[in-house]
Amino acid sequence: MSCEKVTYLIDKGELVKLSFMERMRIRMHVWMCKCCTHYEKDSKALGRMFRRLADKTEPKKVLSEMDKDKLKKAISEKS
Amino acid sequence: MSISKEGIDTSKWVEDYSDGLYNYAVMRVQDHDLALDFVQDTFVSALKALENFQGKSSVKTWLYSILKRKIIDHWRKQESRKTRPMSSYFSDSGMMKGKFLEGAQPTGRVSEVEKIIENDELREAIFGCISGLPDNWRGILVDKMIEEKKTEEVCKDHDITTSNLWVIIHRAKLQLRDCLDKKWIRQ
Numbered sequence: 000m001s002c003e004k005v006t007y008l009i010d011k012g013e014l015v016k017l018s019f020m021e022r023m024r025i026r027m028h029v030w031m032c033k034c035c036t037h038y039e040k041d042s043k044a045l046g047r048m049f050r051r052l053a054d055k056t057e058p059k060k061v062l063s064e065m066d067k068d069k070l071k072k073a074i075s076e077k078s
Numbered sequence: 000m001s002i003s004k005e006g007i008d009t010s011k012w013v014e015d016y017s018d019g020l021y022n023y024a025v026m027r028v029q030d031h032d033l034a035l036d037f038v039q040d041t042f043v044s045a046l047k048a049l050e051n052f053q054g055k056s057s058v059k060t061w062l063y064s065i066l067k068r069k070i071i072d073h074w075r076k077q078e079s080r081k082t083r084p085m086s087s088y089f090s091d092s093g094m095m096k097g098k099f100l101e102g103a104q105p106t107g108r109v110s111e112v113e114k115i116i117e118n119d120e121l122r123e124a125i126f127g128c129i130s131g132l133p134d135n136w137r138g139i140l141v142d143k144m145i146e147e148k149k150t151e152e153v154c155k156d157h158d159i160t161t162s163n164l165w166v167i168i169h170r171a172k173l174q175l176r177d178c179l180d181k182k183w184i185r186q
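Here the protein sequences line up with chains A and B, keeping their order. Number 78 in numbering that gives the first Met the number 0 belongs to position 79 of the first sequence; there are no gaps in the numbering. Number 115 in numbering that gives the first Met the number 0 belongs to position 116 of the second sequence; there are no gaps in the numbering.
The shape of chain B in the complex, shown without the other chains (with noise of 0.2 angstroms):
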């Protein structure tokens, strides 16, 4: 690797953005060695369509984008896994049942927690438990929620709408929610 025709020093690009291409594909895959093979793939990929980046963007916001197509795709083209369904979130042995709440209610409690333990507990339990979200509902939800991505932004990447975006996010909260009570709050 070298300087390129199109005058763009490729050489040290591994050096320059490997660290952030990593931690970006990680953070939606949680697999060390899937996103190492993003970040290859996107550092390849780059090369060869090295006489179409236009300049218009800096090499860097190009790299990202050709990342995040891909990590998009690998979703895509896998099957999702199989969600629950919402009713597995709720009770219905409350107290106030079917008077006014027409049952369910949601069961759990992840608020006491948060106060008692650790800081790094806490990262591990919460990454632990993201990862068990169905792959594109991770995405969406590390883009909007822990990023605070534009919810216009984020809906265009996912090819989704807002009110599908509400959904999603809302799902996986209750779903995390769920996970971290079982994962150590009953523990």
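Okay, chain A solo, but in the shape it has when bound (with noise of 0.2 angstroms):
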């Protein structure tokens, strides 16, 4: 199997439960191949980094009161 079909079903099984075939076909295709596994623990990191991303914790942006006036104003323009 080719390194971009290993590549494809490490990223799809980040997502859903692979089948026992393509789990062992990631397996033996990343123990031999230095390359996928690299990729198979940067597929893992950027799950990590999207997550973070969502956190909750995170300062949100909030609008400006300038921003919002223009909003009011051109919204009482246009209804």
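Certain hints may be false.
Calculated pairs, DMTMM-like style, for lysine to aspartate or glutamate (alpha carbon to alpha carbon, straight line, at most 25 angstroms) [claimed, not checked]:
id : chain 1 : residue 1 : chain 2 : residue 2
1  : B       : K59       : A       : E64
2  : A       : K11       : B       : D180
3  : B       : K67       : B       : E146
Since the hints were derived computationally from the structure, they do not count as laboratory data.
Put the complex together from the two separate chains, hints included.
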């Protein structure tokens, strides 16, 4: 199986449960391939980074009063 | 703006919903002015359609659904950005070339940097790379990977099949990995 296919399965595996055969194929390939070993780690690292972006403790952006006034004005003009 | 004949107080909409709507939009379009325009259009459309509002969902949910539709329509209208061929993410100089791997191996390294980079810097770098994704990929990636919405919901919103979703997420991750690698691993 090619690296292209294996990396696809690795990413898919982060989202759904793969079949036994698919998991075996990944393990066999990763065992022999340094690049895909790295890719597997990176795929998980990216997943963690995404989750951190969604972290609700991060301050959300708040619109300035100026932006809000602009919104109010534009809305009252158009409606 | 005041209380409409439908009995909905619209005068506080900006105060109550604009920050939330703005955050939703800016996450997906990565542009302040454009996001603000979307919020404005959402309010205007909602006011015009107020009499059609059935009250089946909350005003908040209704406003988000209008915004969501507007962003997706915007992406559809735009010509999608050119995407790189898959082969560009794989090198063919690997040790086991041709033997088991049928040629190409994925290039780059991201997991190492994760440990080193400060949180804020990492956030900024990722957002920078996410903004470089093709528009429709970005929306799908944000919905599925960052907001962790259900697969069925994401597929329905973006009108794609489940296998489309796996492929798009995979390609987006390849591109992000490549971007992060170029942006600051090798700087």
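Hints, one by one, checked against the model:
1. B:K59 with A:E64: Within the cut-off at roughly 21 angstroms; holds.
2. A:K11 with B:D180: Given pair K11 (chain A), D180 (chain B) holds - Cα atoms ~21 angstroms apart, limit 25 angstroms.
3. B:K67 with B:E146: OK: K67 (chain B) and E146 (chain B) at ~14 angstroms, within 25 angstroms.
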